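Could you build all of it, start to finish, from the sequences and the hints given here?
The numbers in our numbering rise by one with no breaks, and the one at position 315 of the sequence shown is 315.
By construction, these hints were calculated from the structure, which means they are not laboratory data.
Just so we're clear, the structure is a prediction, and the values are computed from it rather than from any experiment.
Note that CB positions come from ideal geometry on N, CA and C, so glycine has one too.
You can take every hint at face value.
Simulated crosslink set (DSS-like; lysine-lysine; CA at most 30 angstroms straight-line): (1) K381 <-> K430; (2) K381 <-> K117; (3) K218 <-> K117.
Beta-carbon label-pair distances, calculated as ranges: (4) R419 <-> Q183: 46 to 56 angstroms; (5) Q452 <-> Q333: 23 to 33 angstroms; (6) Q183 <-> G65: 27 to 37 angstroms; (7) L120 <-> T464: 58 to 68 angstroms; (8) T210 <-> Q505: 50 to 60 angstroms; (9) T464 <-> A116: 49 to 59 angstroms; (10) G65 <-> T501: 48 to 58 angstroms; (11) V493 <-> S404: 12 to 22 angstroms; (12) A159 <-> L120: 24 to 34 angstroms; (13) V493 <-> P182: 56 to 66 angstroms; (14) P325 <-> T464: 30 to 40 angstroms; (15) K117 <-> P217: 14 to 24 angstroms.
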Amino acid sequence: MHDRLKHIAKQALGACFSMVFCAIPAMSGAATIQEVEDLRSALRGFAATVGDTQDTRVQADALIGASGLTGIVDLQTIARPTGQIAAAAPQRGGMVDARPMDVRFALGLIAQIYGAKDNLDIIEAQANPSGEALVINRGTVTLAEIFRQLDRTGLQSAADSADGVLRVPVIIWAEGAIELGPQDRVIMSREHGAFLANFGRMTANGTEFTTVGGMNPKNTDFIPFVVNAGGASVELRNSVVDGLGFGSEGKFGGFSLVRNPLMVKRDRNVLENNTFRNLVSVTTSMADGVVIRNNRISDSRGPSLVVTHSIETRLLGNLISGNAPTNGIRLLQGSARGIIAGNIILEGDRAGIVVQNDSNNVIIRNNIVWARGGGGITISKSRCGLVEANLVMDNRQKGIEVRSTPGVTVRSNRIYGNRSAALWVSDQEKEVITHIEGNDVNANGSGIATAQGEVLALMGNDFTKQFPRFVDGDISPQGRLIASNLDGSVPVVLTAGGVYTGAAQTAGCEY
Numbered sequence: 001m002h003d004r005l006k007h008i009a010k011q012a013l014g015a016c017f018s019m020v021f022c023a024i025p026a027m028s029g030a031a032t033i034q035e036v037e038d039l040r041s042a043l044r045g046f047a048a049t050v051g052d053t054q055d056t057r058v059q060a061d062a063l064i065g066a067s068g069l070t071g072i073v074d075l076q077t078i079a080r081p082t083g084q085i086a087a088a089a090p091q092r093g094g095m096v097d098a099r100p101m102d103v104r105f106a107l108g109l110i111a112q113i114y115g116a117k118d119n120l121d122i123i124e125a126q127a128n129p130s131g132e133a134l135v136i137n138r139g140t141v142t143l144a145e146i147f148r149q150l151d152r153t154g155l156q157s158a159a160d161s162a163d164g165v166l167r168v169p170v171i172i173w174a175e176g177a178i179e180l181g182p183q184d185r186v187i188m189s190r191e192h193g194a195f196l197a198n199f200g201r202m203t204a205n206g207t208e209f210t211t212v213g214g215m216n217p218k219n220t221d222f223i224p225f226v227v228n229a230g231g232a233s234v235e236l237r238n239s240v241v242d243g244l245g246f247g248s249e250g251k252f253g254g255f256s257l258v259r260n261p262l263m264v265k266r267d268r269n270v271l272e273n274n275t276f277r278n279l280v281s282v283t284t285s286m287a288d289g290v291v292i293r294n295n296r297i298s299d300s301r302g303p304s305l306v307v308t309h310s311i312e313t314r315l316l317g318n319l320i321s322g323n324a325p326t327n328g329i330r331l332l333q334g335s336a337r338g339i340i341a342g343n344i345i346l347e348g349d350r351a352g353i354v355v356q357n358d359s360n361n362v363i364i365r366n367n368i369v370w371a372r373g374g375g376g377i378t379i380s381k382s383r384c385g386l387v388e389a390n391l392v393m394d395n396r397q398k399g400i401e402v403r404s405t406p407g408v409t410v411r412s413n414r415i416y417g418n419r420s421a422a423l424w425v426s427d428q429e430k431e432v433i434t435h436i437e438g439n440d441v442n443a444n445g446s447g448i449a450t451a452q453g454e455v456l457a458l459m460g461n462d463f464t465k466q467f468p469r470f471v472d473g474d475i476s477p478q479g480r481l482i483a484s485n486l487d488g489s490v491p492v493v494l495t496a497g498g499v500y501t502g503a504a505q506t507a508g509c510e511y
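As structure tokens, then:
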């Protein structure tokens, strides 16, 4: 299977990549002007190729591997979490218990934790005046079994199902399960208000989830979605999710895992090797230990990948591209000890990676963020963070921003051609050190800029290609200290007032 995908990737990409991709070296030390230009050309070509590669069988790692950029994202160093990625064995339930149920019961359970916003849109969108969904109370169902149960309950006749379209919402209750495979296309009618809600267990491998039909005549905002809620678990692999999702809350944004923290965790949660296209968002909330790996996410209608209230999430090797109105990756609201590694984020608006609001001890490593309409990487209102070995290039605003986050280390990053500061540090706690080490800073709007950045420990940062604007903000008076030490060979601890000689505090961070 792997060899076949490699062959598909080779066919799809062969005509698109120029030799510049193969010529990108694994740079050591400061990049030359020519190396930066070669990298810029490679990224432009890669972005165009990704956009042109519509074959959903070509997965993210195949695209990245063919691009010549693997020396930067270094996917080989990103370990697959032991015991969290392997597919679970199918678990067949007992006899299927299926019956009609008012969709408001399921929506009410989600609203208990995530509020009722957008629920009315779903209720209004129902073509069936009774507002009933097919509910699988117990047992394991396939897509074929769902159609049989729809016919048996009178919710959707076999004749109406001949085209393979779901015209009624389907809800998998807590004791139920759904198993889908490569033979399945879950096609949901927008005009009829269909959606899939899983409160039990979902496994899907090689499945397509999509929508069909024009605008819903009762509610034009509604678009079908897949939501995994309550105590749900989901394993989604090698699948395509296309055109789903609506609203601004994420829970109905296309494909979501929005758990209830009062319910016992069930099984593992993995999204791996999928293509997500034209969704509002891929969202996880209150789901610890989720692995989201090697997915293609393109042309999102909201933030592409959102994680909230979730501990130890792994976002590994995802490729995010195309037109998007806001951030590529968001890790928010107490999503501590996460790892964001090996992802490539191309174009779109706002910052590429955002870590915010008590999302402590997060590692952001070996990512590429290129040509965003905002900044590159932002970490704010959290504690401790490691921003390491990323390429942040040609973004419209700042390269790497640290705001109100004590205990951050920013090291070994390549920060090229961003229109504002390469490194921005602001609103830091008094006399707490921010470590900035070994970064290559080249042709940005400025090198380091601060606004109450407090104590900066600088070592080994190369500013030789950052001439003439080395510093900005309230640290500007110290520009001479940077200018006299452009290769960073002499470590220095700075504040806006000059060289710092006091007893600076550490945040006690561990990674």
